[in-house]
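*Asks:* One letter stands for each residue in the lines below.
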Amino acid sequence: MEFKLPIKLDKEALEAMGLKSEAIWLFEYDIPSAIKNQHGKNVKERISQKFSLEQAKKLVKLKNWLSFQLKFKLHATRNLYSSWFISQNNLELAESVAKKLRSELEAIGLHEYANKVRIIPIFTTEEGYESFMDRKIEFLLEFIGEATEKVEKGIKDGFMSESALWRCKKTLEVAEAIKEELKDHERYNELVDSIAILDDLINQYEALKAEQKEKEAKN
Amino acid sequence: MKTEIAKKLEKLHKIALIIAKDKKLGLKWSRSAPTAFINYLTNTITLTDNCLPKGSQKYPRFYEWSLEALVSHEAGHRLLSYPFFKTFSRWIDQKRFKNLAKEINNIIEDKRVNYFIEKRYRLDLGKKLRLLYEIDRKLLEKKLEKDKESFNPKKLTTMQIFLAILTNKGLYNSEKFKEKALSLIPESSLKEKFKQDIEKALSLLEKAKFTRLKSELLRIHNEIYEIAKKWSWNCDFIEGKAWIPKLSGGELEIEIDDEVGYEIESQIEKGDQNQEETEGKGKSGSGGFGKSTGEEIPAPTPDFEAYSWLVQKNQPEIQKLLRKLKKTLKPITEKKLFEKQGRLIKPILAKAYVKSLRRRVKRVYIKTIEKFEKEKASFGILVDFSGSVPKNQAFDIITILNEVCGNWLEDSSFSLMVFGANYQKIKTFFESFHNTKARIGGISVSSYATELLQPLEAMFRLFNNITAERRRILIIASDFYVDKQNKCLEVLKSMLKAKIEVILIGFGATGNLKYWLETLKPYGKIGELRIRSPKELPEAFVEVYSQVTGAK
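Chains as they are written, first to last, in the numbering used here: chain A, 1 to 219; chain B, 1 to 552.
Check each hint, because a few of them may be wrong.
[To be verified] Here are the simulated lysine-lysine pairs, BS3-like style, with alpha carbons at most 27 Å apart:
1) LYS155(B) / LYS209(B)
2) LYS183(A) / LYS54(B)
3) LYS209(A) / LYS484(B)
4) LYS111(B) / LYS136(A)
5) LYS340(B) / LYS324(B)
6) LYS229(B) / LYS214(B)
7) LYS183(A) / LYS23(B)
8) LYS170(A) / LYS497(B)
9) LYS246(B) / LYS98(B)
10) LYS183(A) / LYS340(B)
11) LYS136(A) / LYS23(B)
12) LYS28(B) / LYS179(A)
13) LYS207(B) / LYS111(B)
14) LYS270(B) / LYS156(A)
15) LYS21(B) / LYS324(B)
16) LYS100(A) / LYS20(A)
17) LYS346(B) / LYS335(B)
18) LYS153(A) / LYS246(B)
19) LYS54(B) / LYS213(A)
20) LYS183(A) / LYS335(B)
21) LYS183(A) / LYS241(B)
22) LYS207(B) / LYS95(B)
23) LYS376(B) / LYS170(A)
24) LYS156(A) / LYS324(B)
25) LYS119(B) / LYS213(A)
26) LYS525(B) / LYS324(B)
27) LYS484(B) / LYS183(A)
28) LYS336(B) / LYS313(B)
29) LYS499(B) / LYS170(A)
30) LYS241(B) / LYS28(B)
31) LYS11(A) / LYS335(B)
[Stated by the list, open to error] Residues from chain A that face chain B, not an exhaustive set, calculated with beta carbons under 10 Å:
32) LEU9
33) ASP10
34) LEU182
These are calculated hints, taken from the structure and not from any lab test.
Cβ coordinates follow ideal geometry from the N, Cα and C atoms, glycine included.
Using the sequences and the accompanying hints, generate a full structural model.
*Replies:* Laid out in structure tokens, this is it:
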């Protein structure tokens, strides 16, 4: 399926109006919080009155699944809490994720929320575009920061789960794939150095694991 | 002729430029400044030795390392703190206790920068920075034992104690200072509260080192400020920083005594020994055979002169290969905005005209440029520098491949390593070609063995981080008489199975190459070429490259 803009826009006319001719694509949704953030109460007590236990469980799973798909499959970067930037090259994949999300929400009877899942193009001014890019690079740096913290802890403890390590490696891959888009940003060099730190830490952790294995084999 | 000091400053300036990646960053020396600092408005680092412990000059290596550590710290601020400079200046202005807010901002930013430098340059500048802080910590703790008179609750306010703990534990990791400082506060319920607050502030500071999000950093700033404010008793922090080392902008004078001096010497000696071990003993002329470790040693020191000579020598081959490879690429046109020449950008004409009444307006043109689309593939290149291959040919081959890749591919599309008894990374996928190319002139791997396994595994790891959508190509230039041959072949099989295409370049005595090719052929796309001289490289390489990748 070829993804097309709903209307054809004149690039030169847009530029004449001071607008950026490239569209920024957003993946937006509104999934309600089934479990409230209340300290001192157990999970069952924190479930919102609006939902049944089944619905709440499904919603939690769905949120985790979506976050995984957005971060690691679509290489999306967060704009707002429920709004993510996606690359134009990944639109087809994004549409399939949106489709699945809609059907899952409908399956548990949340039709109104299913209607709120959408992929939209945004046209903005040069300044607006720059501020979107700021959000993008900040998200990437934070994303790398989280992975760095995890690997650092893994090195300190001498252990981290396979899935956590996989996610950290994948973070590196995502950052590597997106970084070129941000080449003109003032924090680009910081991003490149942060990627190098994460890569180095992952290598250190893997070397540590290999050493541990070697020792175990000797014993 | 340049004086010794000018030469040293030039070296320090280079370090600053490498870290900050800002060509306009300046460096100057000050005899009077109390501590080193960076001025974002003039984009200049001011360096001084006034903040180093007294007596540092008696230990020239330590003194030199410390200056390098200081400059790397300040350049780190240019890279990490500068983007937030306006935000935090505004944040400080909005606060009631501006001095306190400024102190907190300094501590958090120092923590972030130190962590960054220590990790990013962990084998060199990071080590030096750590040593400097470690020595300052030791001297601080010694002073704590001796100078009981000024470390007295009657002379220190709670705010001074709070900030000193935050600095000395948070930046210098001095547990001893924290304990002693807490013991200054009389036992009461307030002391418990103080303890809890300091722990919370320290854990926030610890969290800050991983944080890059402006909003999250502001939250941390605010939380620490609110905690600290409680202990200021409605008075802004103006009492001075009696127990904070000069290195962090404090007033604490510390002096190196013989005991710490001995420690400094042994630490530096240890550092040098580690360096020698990793570089491999017995470089040419030093006598004795080095141990074949296969370990990675630090990247070579760039030698521009030697490299430009190599490029000049191999210029015909480089141009020939580039011409041939560019035929496989599509020419594209690209519009560049805000250029100095070209045709006017119509939408900004009115604005540009108004501005031109006040000053000269440049960069208002749009330019269409034609260029070749860069090849979308990632190359990993391994070149043999062991004793069994002709070294001059190895230098020629690596120069040709480096120059060609640098001009033909994007910066992030190729990585270069050399191997012998140990190995060196000349360029990783993350580094830029222009920053790394001259390292070839300074290659210093030991030539007493041919340990391909470790660099091969390292390259495999680098390839794993590249998305499989990109074509990945491994090039090995060697005589293929290597140690642990079977293990190397196993790794190569795995690489071929992972859809990495392999090109083997044989030079020197290449009798073993046939065996490698036959063993590996069933596992994926592989090609080989043998050259007697680097002059044959362009023709042969293009032919094999087309065969392996299917490019016309």
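*Asks:* Of the hints stated earlier, which fail here?
*Replies:* Failing hints, ascending: 1, 2, 5, 12, 15, 16, 18, 19, 21, 24, 27, 28, 32, 33 and 34.
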